[in-house]
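Build the full structure now, drawing on both the sequences and the hints.
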Amino acid sequence: MKFTTYKQVRFHHCDPAGIVFYPQFFYLLHEVQEDFLTHIGFPEHALIASGTGVPIVDLKTEFMGMCRHGDELTMTLELTKVGNASIGMQYEIHGPPKTPGSTATLKLRAHGVVVYSEIPHGKPVCIPDELRSALLPYLQRIPQAS
Numbered sequence: 001m002k003f004t005t006y007k008q009v010r011f012h013h014c015d016p017a018g019i020v021f022y023p024q025f026f027y028l029l030h031e032v033q034e035d036f037l038t039h040i041g042f043p044e045h046a047l048i049a050s051g052t053g054v055p056i057v058d059l060k061t062e063f064m065g066m067c068r069h070g071d072e073l074t075m076t077l078e079l080t081k082v083g084n085a086s087i088g089m090q091y092e093i094h095g096p097p098k099t100p101g102s103t104a105t106l107k108l109r110a111h112g113v114v115v116y117s118e119i120p121h122g123k124p125v126c127i128p129d130e131l132r133s134a135l136l137p138y139l140q141r142i143p144q145a146s
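Numbering of the sequence shown is given in the UniProt record's numbering, commencing with residue 1 and proceeding in unit increments.
Misleading hints may appear alongside valid ones.
Unchecked claim - Straight line, CA to CA, 30 angstroms or less: simulated DSS-like cross-link-like pairs of lysine-lysine: (1) K81 - K60; (2) K123 - K81; (3) K81 - K2; (4) K98 - K60; (5) K98 - K7; (6) K2 - K60; (7) K7 - K60.
Claimed, not checked - Between beta-carbon pairs, the in silico distance windows are: (8) A104 - G51: 35 to 43 angstroms; (9) T38 - E72: 16 to 24 angstroms; (10) F63 - E34: 19 to 27 angstroms.
Derived from the structure by calculation, the hints contain no laboratory data. Glycine included, each C-beta is placed from N, C-alpha and C at the ideal position.
Next up, the structure:
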């Protein structure tokens, strides 16, 4: 299952030409992660207050098109792995359709890995069962060959 959220491109995301400045996409990706964790009942601020967090250790990004000021973005997150301490996250950002009635346009694809860790030391710790149970419905299901 994919988690989906929606964001509008704001002035502060853009360069003087009105195009999203690429580092701002990383803020948007983190917002998706934060929204997802809240959605499954584990808000990031509550994790940190309890002495744990999910810092990112790897992020690979493929930019596929520009986003402009005012665009309505559809952003998705699906999990690719739930390990002992690591969580693989596959993100997509879709912009508005090019023509009315067409589908949304893929603008960015990214894959990240976060590690459930003690804060502030950064020592990886095992993902607790309650969090693992909340994550698993969002783990990609690979179709099996028949």
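Which of the numbered hints above does this structure break? none
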